[in-house]
Every structure is written in structure tokens, then in C-alpha cells.
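Peer 1: Use these hints to put chain B onto chain A, whose structure you have.
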Amino acid sequence: MRNLVTVVVLLVVGSMWTFFALPWLLETVFLNSFASPGLQVQQFLDEVTGKLFVVFWCCNVSVVLLWVVRTMQRRAASAARVAAMRTRWWTAASLLLAAGLLLSAVMVLFRFPQLSPGGIILLLALLLVNEALLFWLPTVFASRGSYRLVVPGAQLFPKVLMGGS
Amino acid sequence: MKLFAVGVGGSGAKCLEAAIHLHTMGLLDQEESPPTELGVLFVEPDRQSALLQRAQTALVRTQSLHKALGGVTQHFCPGGELKDYGVWNPVESVAGQGSLTMAQIYTKHTLQHRSPALGGLMDCLFTQEEQKLDLREGFRGRPPIGSALMSAIALDDSIHAKTWGRFLGDVRQAAKGGEEVCIHMFGSVFGGTGASGVPTVGQLLRNWLKNEGIQRAQLNASLLLPYFNFKDHGTKDTGLHAEASNFQLNTGAALQYLSQEDNQDFDRVYLLGSDAKVAYGFSIGGASQANGAHLVELLAALGLRDSLGKTRQAAEAAYTLSRHNQSSVNWSDLPDSAITRRAMSRGARLAVVWRNNISLDLEAANGQSLKRFCVGAPWATRFYPAGSSEEASTLGSRKDKDARLAADQWSETLLTWLKQLCSSTGGALEQKLLNPAKLQVQQMHLESLADLVRDRDDGQVPKRETDVEYLKIKLDRRTSGGNPKGTAGLLDTLWELCDQP
Numbered sequence: 001m002r003n004l005v006t007v008v009v010l011l012v013v014g015s016m017w018t019f020f021a022l023p024w025l026l027e028t029v030f031l032n033s034f035a036s037p038g039l040q041v042q043q044f045l046d047e048v049t050g051k052l053f054v055v056f057w058c059c060n061v062s063v064v065l066l067w068v069v070r071t072m073q074r075r076a077a078s079a080a081r082v083a084a085m086r087t088r089w090w091t092a093a094s095l096l097l098a099a100g101l102l103l104s105a106v107m108v109l110f111r112f113p114q115l116s117p118g119g120i121i122l123l124l125a126l127l128l129v130n131e132a133l134l135f136w137l138p139t140v141f142a143s144r145g146s147y148r149l150v151v152p153g154a155q156l157f158p159k160v161l162m163g164g165s
Numbered sequence: 001m002k003l004f005a006v007g008v009g010g011s012g013a014k015c016l017e018a019a020i021h022l023h024t025m026g027l028l029d030q031e032e033s034p035p036t037e038l039g040v041l042f043v044e045p046d047r048q049s050a051l052l053q054r055a056q057t058a059l060v061r062t063q064s065l066h067k068a069l070g071g072v073t074q075h076f077c078p079g080g081e082l083k084d085y086g087v088w089n090p091v092e093s094v095a096g097q098g099s100l101t102m103a104q105i106y107t108k109h110t111l112q113h114r115s116p117a118l119g120g121l122m123d124c125l126f127t128q129e130e131q132k133l134d135l136r137e138g139f140r141g142r143p144p145i146g147s148a149l150m151s152a153i154a155l156d157d158s159i160h161a162k163t164w165g166r167f168l169g170d171v172r173q174a175a176k177g178g179e180e181v182c183i184h185m186f187g188s189v190f191g192g193t194g195a196s197g198v199p200t201v202g203q204l205l206r207n208w209l210k211n212e213g214i215q216r217a218q219l220n221a222s223l224l225l226p227y228f229n230f231k232d233h234g235t236k237d238t239g240l241h242a243e244a245s246n247f248q249l250n251t252g253a254a255l256q257y258l259s260q261e262d263n264q265d266f267d268r269v270y271l272l273g274s275d276a277k278v279a280y281g282f283s284i285g286g287a288s289q290a291n292g293a294h295l296v297e298l299l300a301a302l303g304l305r306d307s308l309g310k311t312r313q314a315a316e317a318a319y320t321l322s323r324h325n326q327s328s329v330n331w332s333d334l335p336d337s338a339i340t341r342r343a344m345s346r347g348a349r350l351a352v353v354w355r356n357n358i359s360l361d362l363e364a365a366n367g368q369s370l371k372r373f374c375v376g377a378p379w380a381t382r383f384y385p386a387g388s389s390e391e392a393s394t395l396g397s398r399k400d401k402d403a404r405l406a407a408d409q410w411s412e413t414l415l416t417w418l419k420q421l422c423s424s425t426g427g428a429l430e431q432k433l434l435n436p437a438k439l440q441v442q443q444m445h446l447e448s449l450a451d452l453v454r455d456r457d458d459g460q461v462p463k464r465e466t467d468v469e470y471l472k473i474k475l476d477r478r479t480s481g482g483n484p485k486g487t488a489g490l491l492d493t494l495w496e497l498c499d500q501p
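Chains as they are written, first to last, in my numbering: chain A, 1 to 165; chain B, 1 to 501.
Heads up, some of the hints might be wrong.
[As the list claims (entries may be wrong)] To give a feel for the contact side, a few chain A residues facing chain B, derived at Cβ under 7 angstroms:
| hint | residue |
| --- | --- |
| 1 | ARG75 |
| 2 | ALA76 |
| 3 | ALA80 |
| 4 | VAL82 |
| 5 | ALA83 |
| 6 | ARG86 |
| 7 | THR87 |
| 8 | PRO113 |
| 9 | GLY145 |
| 10 | SER146 |
| 11 | ARG148 |
| 12 | LEU149 |
| 13 | GLY153 |
[Unchecked claim] The calculated label-pair distances, taken between Cβ atoms and stated as ranges, are:
| hint | chain 1 | residue 1 | chain 2 | residue 2 | range |
| --- | --- | --- | --- | --- | --- |
| 14 | B | SER337 | A | GLY153 | 48 to 56 angstroms |
| 15 | B | GLU430 | A | GLY153 | 49 to 57 angstroms |
| 16 | B | SER369 | A | LEU101 | 42 to 50 angstroms |
| 17 | A | LEU156 | B | PRO35 | 53 to 61 angstroms |
| 18 | A | ALA132 | B | PRO35 | 48 to 56 angstroms |
| 19 | B | GLN443 | A | ALA132 | 34 to 42 angstroms |
| 20 | A | LEU25 | B | GLN443 | 50 to 58 angstroms |
| 21 | A | LEU156 | B | LEU405 | 29 to 37 angstroms |
| 22 | A | VAL12 | B | SER369 | 54 to 62 angstroms |
| 23 | A | ALA132 | B | SER337 | 56 to 64 angstroms |
| 24 | A | LEU156 | B | SER369 | 51 to 59 angstroms |
| 25 | A | GLU47 | B | SER369 | 44 to 52 angstroms |
Note that these hints are calculated values from the structure, not bench results.
Here a beta-carbon is modelled for each residue, glycine too, at the ideal position from N, C-alpha and C.
Bound conformation, chain A alone (with noise of 0.2 angstroms):
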């Protein structure tokens, strides 16, 4: 029950995060660093905030939501097939980071060429962001009791914090 609030909370929050506070970001302190000769950046925020991040979000919370099901159905009685899992949340981990490059490049970066370098890099590091929060926080927190430290990193976060049974 624990894992299932915590993962509905931190999901509001990335929701909060990709629906609120992204594009706040990106029209405020981030739209300078797109501006580049022959871009039209209202348009080119519209497709980066309203489809791309939308997309990704989609993206990271069904595979949360596979991983809370698969780690709270799967019984975890030895330790080898416990570590297991952490070979899958990597191949999860780096599926979602290849969608999110394929829908950058299908979604904005091919739409919109003028981009400039230092405009790419901001939004491969967004989409990054976007991953640690929708996926990589969420699967710290809601691994439950035997999957504690299956995600990597989980061992900075104090014991107390995390895994519910």
C-alpha cells in the first residue's frame, strides 16, 4: 500500500513538473537559450512542451507503473533473482531514453533544423530530467522491501525513506 502512494505522489509531482513548471521554465528562463536565426520559438515551445514532453510523460509513467506491478507481483524469496531486476531496469531505463531521442528527432528536431547546438543539448538534458523524475525517482522509492537497492542510486537515500513492503 505504501509503494502505491508513494507512487501516485511522485507522479503527481513529475505530472506538476512536466504540465506546470516545465513550460513556465521554457517560456521564462529557458527561452533565450532556444532563440536562434529563423526559428520560430512560440511554435517550436508548442510542440516541445505540448507533444514531446507529453509523449515522454506517457512513456515514463506506464513503465513505472509496469515496474511497481512487476516488482509487487514477482516473489522475491532468492537473492540472485532479486538482482535480476536491476538488468531489466536498466534495459527500462535505457528504452525510455531511446524514445525520448526518437521523438526529439521525429517530433522537434527534424521540424525544426535551425535549432541551434546549444538549444539540443538544453532539450536532450530536459528529457533527462524528465527520465530521473517520471522513472528513476519513482522506482527508488516504490521498489518495495526486497528491491530496495535494485535501482541504482537507491542506496544514497536513507533506509527509512524507502520501500514499503
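Peer 2: Relative to chain A, chain B alone:
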């Protein structure tokens, strides 16, 4: 409190095996008293006895476990030394490694020449076959042979220094140091060695206590009445052998002897038997006599527990123990049933979880980096804190490996004993203590402890409480505090967690 247990013959050795396991499970400890020390001495003329060897294996493995725990544990085996006084072979003590017959003991050849009447009397008491029987293989169900041999022995003779010498020395030291001392004898009264040895050695011990002026020591006995039969019987080629048809006769004679008014060798006597007799394969003794453990032996060992903290004067009564249901035996049929059930279930859980899960994890991780292992076993961070040295950051240091092996061997021994105990009740008697199928040693990770303990309403226990995974999560949640680390700490905490009142 110091307990000294003497097991006479094969059944006596099996009772000692039970007593050793009860001692490890804390059933021989008294509340609010320091852990009880237990010393065991085997009396067995048959060096090849499989029953003796099995009991000795249990003893050695339990001692190894104690050593591996290193006295640092707070809950599991917290002290309570287990001492081995060895095997006293009454035949070898008289004849050394050579053969020995009744005719040799009583120098029949000389006897016939010097006193033909006595020689004739010997022929009346013992058949020619009995007189020529090589006693190194036991007394073959003939109590008079064993009695004749053992009654001629002085226990404190220097030739018994390695066994009785140490045993009696420790009894003397403990009694004179003001400690409570209890000597408890185990043996069957229907076979050969036990039927002859228990009354005879009991009498020798009582005389020794009197001579030493030791008043406070209790001398008790758990005597086993017939509780098994043989599936088949010997042939002409077998020579002299124990016969099930003699069991009642031997028992009657032994009980008659013990009930004599002037016989006050024992302060307390526990008589245990079973109407539902288990059928063991016929054997004349030696390595082939591999009878499984039996509930009656557990009850005999619980007699040792019953006598704890009781004074000699309180023994002016007779109590009986029987089962509630004719067709089955369950926890409520055992003395102090709630405590006994709790401790034995706890022991069974620990052994099963350790051998069929935790140990398998540790074995698979042998030599692996601790950091890597902890990914799949977060509980390990609590017991194996990472160190700066290569050894400390790798699982499988010599000390931990030895402790794991000791715990493995002890668990296997306990599981084998419990499985036999819960499988061989005899006849149509149904056993409702532990589930033998769950006591199997296996190489697959055990996932659940459900159905391990019988005779309880499983609906009362939430399902996850019986999941091994949940047990591991609880291990992980334990705060480090001042608790011991390493394999000893792991076993200690598991012992705590396996307790389900």
C-alpha cells in the same frame, strides 16, 4: 544449572540426540536463569552402531555451531555449553580392542576346575551361545549379559578416566561448588544394552554420589518401554539377536526390578512407550541399525526438561501422560505444550529458512563483492557492513564461510531429525506436529513457510507472515544497534524473527 545426560544403548543415544536438539532450541533453559550447560556421555558396547554415530554427528555439529557463533549471540544459543564426555564402551574398557565373551569375563575354564558348582550355575544362567557371544557388537537383546558385565565395573576406576573420570569430576566440581546438578539417564528397558545398563549404571552412580557425600544432585531416568517392532526377524545364520517377542519379557523384568521398595537409585523415573508401534527393519546392530528418530525419544528428552528446577523431595507422586485423540498426536499432547510447540516450531522455521534459502543466497554469492550481493539481498547490509579491506568488502571470508557451513550442517541434522520424528509415529497414528514434506533439505529457494507447523488454524496467520521474503524484509528493517554482525548476527536475528507465539 548443570545437566549431565547419559544415554545407554541405541535408544539412549537417540534420546541424547533429542536432548541435544532441545538444548539448542532453548528448551532446557529455565526462565530468568543463565543458560543451562549440558554434558553428554554415551554408553554403548557397539562402536559401529549407526544410532550412536548419528547422535554423535548431532553433537559434533551442534558444538561446531556453538563455536561458529562465538558466544556473541544474544538470543540463539547464548552460552549454555554443550560438553562431550565421549563414548564409554563397557566391553572395551574390560577387554581393550580384543574380543570378549561371558566365558572370558568369568574365566569359566578356571571356574569349572576350581568350583564346578559355580561353573554349573553359569551354564544354568547363560546358554552356551550366550557365553560365547562376542560382546563387541552389543548384548543382542540379552539384559543379563550386560548386567553381568557392567556390574563388575567401578566407574571411578582410572581406566575410565577419559569418560567417566571427566564426567564424575565435573559432577563433583559442580555439586561442591553449590551448583544445581541433575544427572539424567536414558535407555530402553526392552532391549539388551539399555535394559541392563540403565539400572546397573544408575546403581553405580547412586553409590558414587553417596560415597562422595553429594546430596543435592538429582539422579533421574527416562526409560523407554516398547515402542517399535521389527518388520522381519533374524535367521539361523544371524546368531543371537534381539527379538521383538522378548521385548515384553525384558520390560517386565526391568520394571519389576525398578519397583522394588528398596530400590531408590533414581529420584524420578519417566516411563515412555507407545501402543502404536513403528516397524523398523530388522538388524543385529552395527551400521545397519538405522532406525529413524521417534516421538517417544522426544518425550523422553522432555523428561529432562520436566525435572529442571524441581527438588528431590517433590517427587512423591506419579503423573501420567497420554494423547487426547487415539488416532493422532498433536502439540497439545506434549508436556508444556505451548512452550514446547513454540520452541520446536521456531527451531524448524530457522533450520528450513536457513538451509533452504538464506544459505543458498550466501553460497551463490561466495566470493562476490558485497556491494553487488546487496543489490539482491538488502538485508545483508545490516549484517555484513562494507569494510575498506578486500576481505571485508567480499562475501566469503574464512570466518563467515566456516560459520555458514556449521549452520548448514546443524540445520541439516535438525531437519533430518525433525523429519524422522514426524514421519515414524507407527501404526495408523497420525502426526500433527510438523509437516515432513516441508522439512526436506532442498537446493531450490523455499518461498513460504505455510503448512510447516501443523495443528494451528492457518487462517489466524496472515499469508505474508509465512513468506520467506517477508522474513528477509524484516531482517533488513532491523536496526544495527549493538547486535552482533556477520553470520552469527544473522542467525541470531533470524532466530528472533522465527518466533511466532
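Peer 1: Return holds or violated for the Cβ distance of ALA132 (chain A) and PRO35 (chain B) against the range 48 to 56 angstroms.
Peer 2: holds (54 angstroms)
Peer 1: Let me know if the C-beta of ARG148 (chain A) comes in closer than 7 angstroms to any C-beta of chain B, holds or violated.
Peer 2: holds (5 angstroms)
Peer 1: Take the shortest C-beta to C-beta distance between VAL82 (chain A) and chain B; is it under 7 angstroms?
Peer 2: At about 4 angstroms, which falls below the 7 angstroms cut-off, the nearest Cβ of chain B leaves the hint on VAL82 (chain A) intact, so it holds.
Peer 1: Taking the closest Cβ pair, is GLY145 (chain A) under 7 angstroms from chain B?
Peer 2: With Cβ-Cβ at 4 angstroms, under 7 angstroms, it holds.
Peer 1: Taking 48 to 56 angstroms as the stated bounds, is the beta-carbon spacing between SER337 (chain B) and GLY153 (chain A) within them?
Peer 2: holds (51 angstroms)
Peer 1: Given a hint of 54 to 62 angstroms, does the C-beta separation of VAL12 (chain A) and SER369 (chain B) actually sit inside it?
Peer 2: Given range 54 to 62 angstroms: violated, Cβ gap about 38 angstroms.
Peer 1: Is 53 to 61 angstroms a correct range for the gap between the Cβ atoms of LEU156 (chain A) and PRO35 (chain B)?
Peer 2: For LEU156 (chain A) and PRO35 (chain B) the Cβ distance comes to about 42 angstroms; the hint is violated.
Peer 1: Take the shortest C-beta to C-beta distance between PRO113 (chain A) and chain B; is it under 7 angstroms?
Peer 2: violated (43 angstroms)
Peer 1: Using 7 angstroms as the Cβ threshold, decide whether THR87 (chain A) counts as touching chain B.
Peer 2: violated (10 angstroms)
Peer 1: Do the Cβ positions of LEU156 (chain A) and SER369 (chain B) conform to the proposed distance bound of 51 to 59 angstroms?
Peer 2: violated (18 angstroms)
Peer 1: Could you check the hint for me, namely that LEU156 (chain A) and LEU405 (chain B) are 29 to 37 angstroms apart, CB to CB?
Peer 2: The hint (29 to 37 angstroms, Cβ to Cβ) holds, given that LEU156 (chain A) and LEU405 (chain B) are roughly 35 angstroms apart.
Peer 1: Under 7 angstroms, Cβ to Cβ, is where ALA80 (chain A) needs to be relative to chain B, so tell me if that hint holds or is violated.
Peer 2: holds (6 angstroms)
The structure shown violates the earlier hints numbered 7, 8, 13, 16, 17, 22 and 24.
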